[in-house]
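Colleague: One letter stands for each residue in the lines below.
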Amino acid sequence: MQTLAVVIPARNEEPIIAAVLSNIPSEIRSHRVLSIVIDDGSDDDTAGAARRAGAFVLRHIANLGVGAATTTGFRAALQLGADIIVTMDGDGQHDPREIATLAETLIDGPFDVVIGSRLMTHDGMPPVRFAANLVLNALTFLVYGKIVSDSQSGFKAFTRRAVTGMELNCAGYDICSEMVGEIYRRKFRYKSIPVRAVYTPYSHAKGQPFLNGVNLILGLFVRLVRRG
Amino acid sequence: MFVLVAKVFSFVLAVIAISKSYVDFRARLESLQIFLFWVFTWLGIVVVALFPSIVDYILGSFGGGRAGLGTVFGMGLVFLYFLAYRLYIKIGRVEQKLTKTVQELALREGDIAKKGIKNR
Chain Y
1 MQTLAVVIPA
11 RNEEPIIAAV
21 LSNIPSEIRS
31 HRVLSIVIDD
41 GSDDDTAGAA
51 RRAGAFVLRH
61 IANLGVGAAT
71 TTGFRAALQL
81 GADIIVTMDG
91 DGQHDPREIA
101 TLAETLIDGP
111 FDVVIGSRLM
121 THDGMPPVRF
131 AANLVLNALT
141 FLVYGKIVSD
151 SQSGFKAFTR
161 RAVTGMELNC
171 AGYDICSEMV
181 GEIYRRKFRY
191 KSIPVRAVYT
201 PYSHAKGQPF
211 LNGVNLILGL
221 FVRLVRRG
Chain R
229 MFVLVAKVFS
239 FVLAVIAISK
249 SYVDFRARLE
259 SLQIFLFWVF
269 TWLGIVVVAL
279 FPSIVDYILG
289 SFGGGRAGLG
299 TVFGMGLVFL
309 YFLAYRLYIK
319 IGRVEQKLTK
329 TVQELALREG
339 DIAKKGIKNR
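From first to last, the protein sequence lines are chains Y and R. Count the first sequence with the numbering used here and you get residues 1 to 228, in order. Count the second sequence with the numbering used here and you get residues 229 to 348, in order.
Please note that a few of the clues may not be correct.
[Stated by the list, open to error] Derived lysine to any residue pairs resembling SDA-like cross-links, with alpha carbons at most 20 angstroms apart: (1) Lys325(R) <-> Arg75(Y); (2) Lys325(R) <-> Ala62(Y); (3) Lys343(R) <-> Gly81(Y).
FYI, nobody ran anything at the bench for these hints, they're computed from the structure. Every value quoted in this text rests on a predicted model; they were computed, and no experiment measured them.
All chains, full assembly: derive it from the sequences and hints.
Modeller: Here it is, written out as structure tokens:
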């Protein structure tokens, strides 16, 4: 039986991580599904909650950022022998039932990467966030030369070949743009499909610190300058 | 008035920097050489801030003409920019090493390495 690994970077998601994990299907098209939670230096018991919910847990003893957590998850997924690797957020923003849609699109292929785009429908997405994502799409294009529907989506499916082929160095949120660059550089076959962004009182309360957006834009700008 | 504020500001900054350096030295977080480097650097800054004419005197004693404070500050800015660049590079390297170390530890101590896939 083949393996599909769901990589979930999480920081301080103790209240919701078990609910996220419980909605992940156990099997998709003859692939057994294994969940890997990377606790990125949480102050709460995210790791314990995830472990009790049946996930493999890896713990960063210091907070490194979502990019580093994702690459740790990729390495763990490869250790598990995963053929398909799906990344998703741990805050409940992505509907775990849509993992099947991403994976099946990848399996039916021929694709190396399937990107879950929140902007193709943008139902319920706050206008400010929608506009910010369009700006980040444009910046990603300027830096990496590739335009995709949702460059900042953390909900993606990869083949094993794609994960082993990407060279990822970004530790923070800029990893999403870096992945777009790698898709372009490695000439991976990809497809964007619409996914629903779930905005709950929890995710609204947690929010996305304004500083993260500033850091992301600065990081992309530095890369743009370095590339000349 | 502005000159006086600048002098007081430089003096206060120097006191804070030297105090912090002393605390680090006492806590053995800083070597004697580094502590003395910061003490003399900040004392130099305070002397120049309090007596700006000393710059022309020093340059004159080396046989140079009047360079003016503007030239000295310009060189200082370039030097500071160079320092900021060096720090930026070094911090980046340290961050990369930290990331690699924490990731390796997570993989080595994580559930997959400890229990393996078969126990699931």
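Colleague: Is the hinted pair Lys325(R) and Arg75(Y) satisfied, with a Cα-Cα distance of at most 20 angstroms?
Modeller: holds, 17 angstroms
Colleague: Do the alpha carbons of Lys325(R) and Ala62(Y) lie within 20 angstroms of each other, as the hint requires?
Modeller: With Cα atoms ~13 angstroms apart, Lys325(R) and Ala62(Y) stay inside 20 angstroms; holds.
Colleague: With a cut-off of 20 angstroms on the C-alpha distance, tell me whether Lys343(R) and Gly81(Y) pass.
Modeller: Judged against 20 angstroms, a Cα distance of about 15 angstroms means the pair holds.
When held up to the earlier numbered hints, the structure conflicts with none and fits them all.
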